[in-house]
Amino acid sequence: MELFLQRLVDGLSEGSVYALIALGIVIIYRGTGHLNFAQGEMALFSTFVVYQFGEWGIPIGIAVIMGMAVGFTLGAVTEVAIVRPISKKSPFAVFIVTIGLFQLLNWVDGAIWGGQQLPNTGVGSKQVRFPSLFPNNPTDFVTIFGANIKIQSLGVIALVGVLTVALFAIFNHTRLGLAMRAVAANGESAKLVGIRTGRVLMASWGLAAAIGALGGVVFAGISTNVNLGLMFTVFIYASAAATLGGFDSPGGAVVGGLSIGLIQNMAAGYAPKWVGQEMKVGVAFLVILGVLLFRPSGLFGTSRVERV
Amino acid sequence: MTSQTTLLNTRFLTAGYGPVTVLHGIDIEVNEGEIVVVLGANGAGKTTLMRAISGTIPRTGNIEFEGRSIKKDSTDAIVRAGIVQVPQGRGTFPELSVADNLLAGAYVRRDGAKAVADDIAKWYSVFPRLQERSTQRAGSLSGGEQQMLAIARALMSRPKLLLCDEPSMGLAPLITRELFNVIGQLNKEEGLSVLLVEQNANLAMHIASRVYLLETGVIVASGSAAELSADDSIRKAYLGF
Numbered sequence: 114m115e116l117f118l119q120r121l122v123d124g125l126s127e128g129s130v131y132a133l134i135a136l137g138i139v140i141i142y143r144g145t146g147h148l149n150f151a152q153g154e155m156a157l158f159s160t161f162v163v164y165q166f167g168e169w170g171i172p173i174g175i176a177v178i179m180g181m182a183v184g185f186t187l188g189a190v191t192e193v194a195i196v197r198p199i200s201k202k203s204p205f206a207v208f209i210v211t212i213g214l215f216q217l218l219n220w221v222d223g224a225i226w227g228g229q230q231l232p233n234t235g236v237g238s239k240q241v242r243f244p245s246l247f248p249n250n251p252t253d254f255v256t257i258f259g260a261n262i263k264i265q266s267l268g269v270i271a272l273v274g275v276l277t278v279a280l281f282a283i284f285n286h287t288r289l290g291l292a293m294r295a296v297a298a299n300g301e302s303a304k305l306v307g308i309r310t311g312r313v314l315m316a317s318w319g320l321a322a323a324i325g326a327l328g329g330v331v332f333a334g335i336s337t338n339v340n341l342g343l344m345f346t347v348f349i350y351a352s353a354a355a356t357l358g359g360f361d362s363p364g365g366a367v368v369g370g371l372s373i374g375l376i377q378n379m380a381a382g383y384a385p386k387w388v389g390q391e392m393k394v395g396v397a398f399l400v401i402l403g404v405l406l407f408r409p410s411g412l413f414g415t416s417r418v419e420r421v
Numbered sequence: 049m050t051s052q053t054t055l056l057n058t059r060f061l062t063a064g065y066g067p068v069t070v071l072h073g074i075d076i077e078v079n080e081g082e083i084v085v086v087l088g089a090n091g092a093g094k095t096t097l098m099r100a101i102s103g104t105i106p107r108t109g110n111i112e113f114e115g116r117s118i119k120k121d122s123t124d125a126i127v128r129a130g131i132v133q134v135p136q137g138r139g140t141f142p143e144l145s146v147a148d149n150l151l152a153g154a155y156v157r158r159d160g161a162k163a164v165a166d167d168i169a170k171w172y173s174v175f176p177r178l179q180e181r182s183t184q185r186a187g188s189l190s191g192g193e194q195q196m197l198a199i200a201r202a203l204m205s206r207p208k209l210l211l212c213d214e215p216s217m218g219l220a221p222l223i224t225r226e227l228f229n230v231i232g233q234l235n236k237e238e239g240l241s242v243l244l245v246e247q248n249a250n251l252a253m254h255i256a257s258r259v260y261l262l263e264t265g266v267i268v269a270s271g272s273a274a275e276l277s278a279d280d281s282i283r284k285a286y287l288g289f
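The listed protein sequences derive, respectively, from chains A and B.
Basically this note's numbering = 1-based index in the first sequence + 113.
Basically this note's numbering = 1-based index in the second sequence + 48.
These are computed hints drawn from the structure, not numbers from a lab.
Where is the CB? At the ideal position from N, CA and C, for every residue including glycine.
A hint or two may mislead.
[Stated by the list, open to error] Which residues of chain B face chain A? A few of them, derived with a C-beta cut under 10 Å, are: (1) T123; (2) V134; (3) P142; (4) N149; (5) L151; (6) R185; (7) V268.
[Claimed, not checked] List of simulated lysine-lysine pairs, BS3-like, C-alpha gap at most 30 Å: (8) K119/B - K201/A; (9) K201/A - K120/B; (10) K202/A - K120/B.
[To be verified] If you anchor each label on the Cβ, the simulated ranges turn out as follows: (11) T69/B - G174/A: 39 to 45 Å; (12) S182/B - R197/A: 33 to 39 Å; (13) Y383/A - G218/B: 51 to 57 Å; (14) K236/B - G213/A: 54 to 60 Å.
Okay, chain B solo, but in the shape it has when bound:
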């Protein structure tokens, strides 16, 4: 394989809600500096996978992050360890201002107000729309702006791994394209590792280092974006051409 160091790997990860099991033993890996995309249709278990890694739902199997098991860690400990999730849809704090949303993103940091303020300024320069609306309530932003805010808020914790739960959901194609460009840039320029789940395959494939296909809670195929696009049946099912 590659000489890259493994950041995250899951072994037989199983999770669900009460009596319903959604994920049936997922093995995935994210190496440092990669954008890994998990493609799946509605109900495949994409959001459940994100929640299982973030620790917001009970899970079995093993999850290792930087060589250490985080299976028993609570969500806040996982955030502190460096994995932060951008929740699906409007995961912002609607009643809080844009600036306070970003501050809340830095909740786990202990490096002082100055460093946090510097980071806020940095993400404002990446997302200028957020600066224009810094005193507005997050709930009054457009869908695309809220998604940008959710990503910026997640980055405020200075994560090593960013989990993105269907960032394209409910967004116009043009906005989605812009969003994926930003994620791609963050990956190239900041070396940010990303695990992204999507059903919008076309755009996600462009920035992906590697791709997994998730079907009803099971990984059915994996490989580089090029390998998967070359496979006829996969192309028809997921890319629609």
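This is chain A alone, in the form it adopts within the complex:
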């Protein structure tokens, strides 16, 4: 029971990070039909920025909001300056360009902050470790049914829960949400009801990158540091999460992310001989493969059926 709870919470908190990045992927995919390969690296840039804010003595609670604002700006500018002009010429080229952006952003991070793990006293960091949004000292845990659960893990899960509810409310009960859904469903008709589709797409990219920034900060908090490779595997899991949940379903992205975190940790925990830490990724992908065989559009994705 203790071990089960432990693995449950570990799995969910790890999965929460995948869920956040997957949400970003889904929001952009729904709005524009583009797969943003740079989603993880956009998040990483914002995470480095949050580290920098920390170095300047800004408390993490404020720094993360500023970091999300930086992320929003980065996403919005990317859409207006790069994605929009190129997608007019060739939608496929956008995918290639986001791969280029992936490399460019990683290079920029390296040029500014170097290749080492940060914070790092060797390069004069004032912070000892990457600030966590939740209490994260060795003594910060609660005991539930004999299991010692980190407060940080519970905090991360709660954060994703709140964010999911907030996003659901935005999508379904606000003007912006209605506009985003309309643009996703039919871009030309959205224009014809008077929606400024350009602004909506810009906001979608901004929102996706801001959520990604939060994901990056949460993950750096769990890892206690930020480095150039931090988001690489996370992005792969998050893409898998989006695929599992259905590429056009934000709720699916969250469920997909949490599921992948859970499957990995359960498999590694209960079948250490067969799976272990190294092979746990493989198990998650086997499950996804199984799901997609029976539901090609993912767990919650809409298969585009239309009556004619």
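Position chain B relative to chain A; hints supplied.
This is chain B only, laid out in the frame that chain A set:
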């Protein structure tokens, strides 16, 4: 001519796609309270004409609406000015519910949720099938219901001029007849002005105040429905009897 006030007029309206010019200088007029029908065969430029007026494609020449040039306006500004287009075929938001489609139609309005809800109720009473299916996804509706939804959604913005792009396309004759009856009623009872492009001449002529004939991007004839039906060559080409 008439003493009616001109709502929309285009002067030498030219538009196309990239290097291809489809409309070669179109002059048309819609007066307040009229249903103007533009008849044309496939490829005549009907949809292009709708898009050029809505501003979804680049255009040259001049377009005046209520005496003001809207040539440089973006599509959303044109919708705000009071021209709204019902797109061809299934122009609904298939993944959104019927109710959300109507809400989206009211996107440009600023007169509050109450007024919008009242209008939704009003169009539900005009199109009872939509009310029955209000929580269903628009994509699951039949072709006729989707066309009704597209019209109701357009009306949600309270337009002064409704542009209809081939409303009969893909619909059974009976449904088409019902649809044109509704458009005719809206025109009589609400004073709604309509610019409608069609290749299904028979039904459209019945409700038309005036008719233009569009051939390969040029207006070749115009007049009242009666005048055009009286012309032998036109009758043969467009009405098939």
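For this session: Could you tell me whether the CB distance from K236/B to G213/A stays inside 54 to 60 Å?
Result: 59 Å, holds
Problem set entry | chain A contact restraint for T123/B - C-beta distance below 10 Å | 5 Å, holds
Problem set entry | Agreement of hint L151/B with chain A interface, Cβ distance less than 10 Å | Check passed: Cβ of L151/B comes within 6 Å of chain A, closer than 10 Å.
For this session: Let me know if the C-beta of P142/B comes in closer than 10 Å to any C-beta of chain A, holds or violated.
Result: 6 Å, holds
Exercise. Was the hint right that N149/B lines chain A, CB cutoff 10 Å?
Worked result: OK, holds: N149/B within 10 Å of chain A, min 8 Å.
Exercise. Do Y383/A and G218/B keep their Cβ atoms within the hinted range of 51 to 57 Å?
Worked result: 56 Å, holds
Exercise. Do the alpha carbons of K202/A and K120/B lie within 30 Å of each other, as the hint requires?
Worked result: 23 Å, holds
Problem set entry | Range hint 33 to 39 Å (beta carbons of S182/B and R197/A) holds or violated | Cβ of S182/B to Cβ of R197/A: about 35 Å, so the range 33 to 39 Å holds.
For this session: Answer holds if the nearest beta-carbon of chain A is closer than 10 Å to that of V268/B; otherwise answer violated.
Result: 28 Å, violated
For this session: Below or equal to 30 Å on CA atoms is what counts here, so check K201/A against K120/B.
Result: 21 Å, holds
For this session: Could you check if V134/B really has its C-beta closer than 10 Å to a C-beta on chain A?
Result: 8 Å, holds
For this session: Given the range 39 to 45 Å, decide if the beta-carbon distance of T69/B to G174/A lies inside it.
Result: 59 Å, violated
Hints 7, 11 from the list above are not met by this structure, while the remaining hints are.
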